Amino acid sequence: MATTTDPAPGAPAQAHPAARVRVPSRFPYRTIAMGTLGSLLLLIGALGAGGILIRDPVLGHGPLSWVRYGHGQMLANAVLYGGFALVVWAWVRLGRYMLAGRIGSRPILVAAACWMAPLLISPPLFTRDVFSYLGQGAQLLHGLDPYEHGPAELEVLRDVVQNVHPVWQTTPAPYGPLFLLIAKGVVALTGDNVIAGVIVTRLVLLIGLAMMLWALPRLVRHLGGKLPITVWLAVASPMTVIHLVGGPHNDLLMLGFLTIGVLAALERKHAVAIVLVTIGMLIKPTAAVALPFLVWVWANHLPHPSRIRNFLQAGVISVGLFGIVFVVGTWVSLGSFNLGWVTGLQAPTLVTNWLNFPTGIGQLAHTLVNLVITVPESPFVTVARALAMLTLAAFGVRQWWKARNGGNEAIFRMAMTLLATAILAPPTLPWYLTWGFVIASAFPWRRRHLAIVVAVASFLVLAYYPTGEQALYDWWFVVVVLALSVYAAASLLRPDPLGLVGAWRRQPEVPDFVAKD
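Residue numbers (this note's numbering): 29 to 545.
Some hints here could point you the wrong way.
[Unchecked claim] Quick list of simulated restraints, FRET-style, between CB atoms:
| # | residue 1 | residue 2 | range |
| --- | --- | --- | --- |
| 1 | 435 | 238 | 26 to 32 Å |
| 2 | 134 | 399 | 54 to 60 Å |
| 3 | 97 | 183 | 26 to 32 Å |
| 4 | 525 | 392 | 30 to 36 Å |
| 5 | 138 | 511 | 30 to 36 Å |
| 6 | 132 | 83 | 43 to 49 Å |
| 7 | 332 | 392 | 48 to 54 Å |
Hints are computed from structural coordinates only; laboratory data are not their basis.
Computed from a predicted model, the values in this text were never measured in an experiment.
Heads up, the beta-carbon is just placed ideally off N, CA and C, and yes, glycines get one too.
Whole structure, please, built from the sequences with the hints as guidance.
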């Protein structure tokens, strides 16, 4: 990462370079501009290398169609990855300024807004999930149950249907009924115009981002973190900018309800908290993990001397509220009390790669055994996943029990359980780690842990190709990505850790004398 810093506004042009480096910058204009340029390059590169349409009405047969094929697509990939590098570079620079106390949360929010803006009209980046959202919304719109049938059976809106990834063409929807109702509304508005559908979906999901931005400053006051760090981690991170917005992914909307729900619990508005998190569950079922922890928070706010009585009172009311919201939300969304979406949760388990820790263990065991005798991979992965689910259940119960004193401890253990769910439950998709990161961002952080987040965030964005296909078995690519991710992490703590930029800028030394024979 570069060692230069943004000049202070109004600094004299004739100032010595070393002096300019030492002057604190009130607003990192150049760093924000760098990330914005990177985001624009992501937009341009995505036109040929992102989640492009099978029948593209803009570039399909026009003079720029060459960017989707052959050398044109290679160039588009180079532009896209260059843009990603600039976004990460700018994010790390902001992190250094933040840790040095040079900037507060406002410049970070401005940076995140500038970096997200070009991606609102971009083709999908590093995923094709948004096409599945539209396909399942189209099913609900035209009377085909998304929990019983795949989009391939739909006989209308062919442009929407044909862009759904082949894996999800015949599988049931794994999303909550309320999100399918939202997707239905988007398709009702945009019809067979897939480009408009993607853009409108992003705009709807930004409601979740707005909810996060409202809740996070208040969560920081409760949980003891620092707002600039929280905003840098939860909003300006490439995980949010590129995955949740550039993707886009419905996790962003679920996180909005989750963060406000957690805040409501800490502010003793417990009924509101249970309702909000249950609504989040009706968007993405993962939010349900938070509900048992919120019961402990509620129980510890009750005045009765008996802890058992407090727990039973909080638990019974919570279950009642959950049941009402769950039934009403499902009925309103689907027109009946259809629980098919619960069985639809099995669909994502079709994704198998080593990013999911137990799947990787199963694949490794199969590889070793396969050196001796030829056997199928499936039993190894199935057993490893089953053991991981037992481990996750034990971990979750332990964390829940340790959260019995409520308060901040319960919220921290809830965040850790959400992270464990993303890692141990199949599958693990890169943006799943935002489930726990967003809540955890409001707690105090150590510098080295922030550096680890930089490495993880950088790697997870690149774990998939820009088209949405996984890159995890392209081993040379993985090695390069890991090396660059570690370098980005080190750059947060020490600018230009390997001296690469310094060596590039170093002027050759001129000898004071010429050696004589």
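Status of each hint after checking the structure:
1. 435 to 238: 26 to 32 Å: Distance hint for residue 435, residue 238 holds at roughly 27 Å.
2. 134 to 399: 54 to 60 Å: 57 Å, holds
3. 97 to 183: 26 to 32 Å: 31 Å, holds
4. 525 to 392: 30 to 36 Å: Taking Cβ atoms as reference, residue 525 and residue 392 lie about 31 Å apart, which means the hint holds.
5. 138 to 511: 30 to 36 Å: 31 Å, holds
6. 132 to 83: 43 to 49 Å: At 47 Å between Cβs, range holds.
7. 332 to 392: 48 to 54 Å: 52 Å, holds
Checked against the numbered hints above, the structure violates none of them.
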